[in-house]
Amino acid sequence: MSLTNEEDLSGMRCPMPIVHLAKLFKELEIGEEITAVATDPAFHLDVETWCMRTGNELLELVENEGHLTAKIRKANNSE
Amino acid sequence: MTITFGESDVNRTGHVSKQIEDLKRQLAAKENSLSLVVFSGELDKMLAAFTIATGAAACGMKVSMFLTFWATAAMKKSGPQAAGKGFVERLFGWMLPGGFTKQKLSKLDMFGIGRRMMFREMARKNVANLEQLVETADELGVEFYVCESSMSLMGIQCEELVALSNVKCCGVATFLQRSALSNTTLFI
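Keeping their order, the protein sequence lines are chains A and B.
All the letters of the first sequence, read from the start, carry residue numbers 1 to 79 under this note's numbering.
All the letters of the second sequence, read from the start, carry residue numbers 1001 to 1188 under this note's numbering.
It is possible that part of the hints are untrue.
Derived coverage of chain B by chain A (criterion: at least 3 residues anywhere in the stretch with Cβ under 8 Å from a Cβ of chain A; other residues may be distant) [stated by the list, open to error]:
hint	segment
1	1055-1069
2	1123-1132
Calculated Cβ distances over 10 Å to all of chain A for the following chain B residues [claimed, not checked]:
hint	residue
3	R1012
4	K1045
5	P1080
6	R1090
Derived EDC-like pairs: lysine to aspartate or glutamate, alpha-carbon spacing no greater than 16 Å straight-line [to be verified]:
hint	chain 1	residue 1	chain 2	residue 2
7	A	K26	B	E1139
8	A	K23	B	D1138
9	B	K1062	B	D1138
10	A	K71	A	E33
11	A	K71	A	E48
12	A	K71	A	E7
13	A	K23	B	E1139
14	B	K1085	B	E1160
15	A	K23	B	E1135
16	B	K1085	B	E1159
17	B	K1102	B	E1160
18	B	K1107	B	E1042
Please keep in mind that the hints were generated in silico from the structure rather than gathered at the bench.
Even for Gly, the Cβ is constructed at its ideal location relative to N, Cα and C.
Go ahead and model the full structure; you've got the sequences and the hints to work with.
As structure tokens, then:
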């Protein structure tokens, strides 16, 4: 069973959105999902890279009126 | 044909496989680690260094920061100097005050006016300040290595530095070893 949690990262600027994700993912179980909303324009590329480097799965990334919504699933315990 | 192994062969095989394991570990660590030499103590450059360090740590990289020369002085806490310093050391302490807000910008500092404007804009735009970045880096497990000769040259004592959970005094050999094991090394 996977859980979906909302995480508000809006207002945060680089590097804080990914720092926040990293801290959050330490607490998650494998398979759990997070929906993160950010307003930092850098988050678009950064969240893709963060998922690639940490091996977590980016399920969805949608941009809507300056709000970026990323759905990420925890795939491993690497970090 | 029968091949028999003596005890020394077994020992050697054990030794070789241990070496292979060590090399594998070193290679695995190399793929995902960053070494930063922070030489400059100017606020903007320190901001860049600590932004990169926290970002890398958040991406799961092992991060080592080598603080040398002006950066060592910039890592001092604000407040009075430690006791037992010589005259020149004390002069260095006066000329290089501690505290992150006292560090100058490399451009447009304008005797502190530019710096204060920068602080105001950073707060308004919710950009993390140097104190928050250093705290976050420490929290994410960044390892700090402070250059021993810079410390003694400027008469800085360990208790004068900001509190960090993973900090060691070191020389150039430690830096070179960590850098050789990293896949990225930056000098700021």
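Evaluated hints:
| no. | hint | verdict |
| --- | --- | --- |
| 1 | 1055-1069 | holds (count 6) |
| 2 | 1123-1132 | holds (count 4) |
| 3 | R1012 | holds, 35 Å |
| 4 | K1045 | holds, 16 Å |
| 5 | P1080 | holds, 33 Å |
| 6 | R1090 | holds, 37 Å |
| 7 | A:K26 x B:E1139 | holds, 13 Å |
| 8 | A:K23 x B:D1138 | holds, 13 Å |
| 9 | B:K1062 x B:D1138 | holds, 12 Å |
| 10 | A:K71 x A:E33 | holds, 7 Å |
| 11 | A:K71 x A:E48 | holds, 11 Å |
| 12 | A:K71 x A:E7 | holds, 10 Å |
| 13 | A:K23 x B:E1139 | holds, 10 Å |
| 14 | B:K1085 x B:E1160 | holds, 12 Å |
| 15 | A:K23 x B:E1135 | holds, 14 Å |
| 16 | B:K1085 x B:E1159 | holds, 13 Å |
| 17 | B:K1102 x B:E1160 | holds, 15 Å |
| 18 | B:K1107 x B:E1042 | holds, 9 Å |
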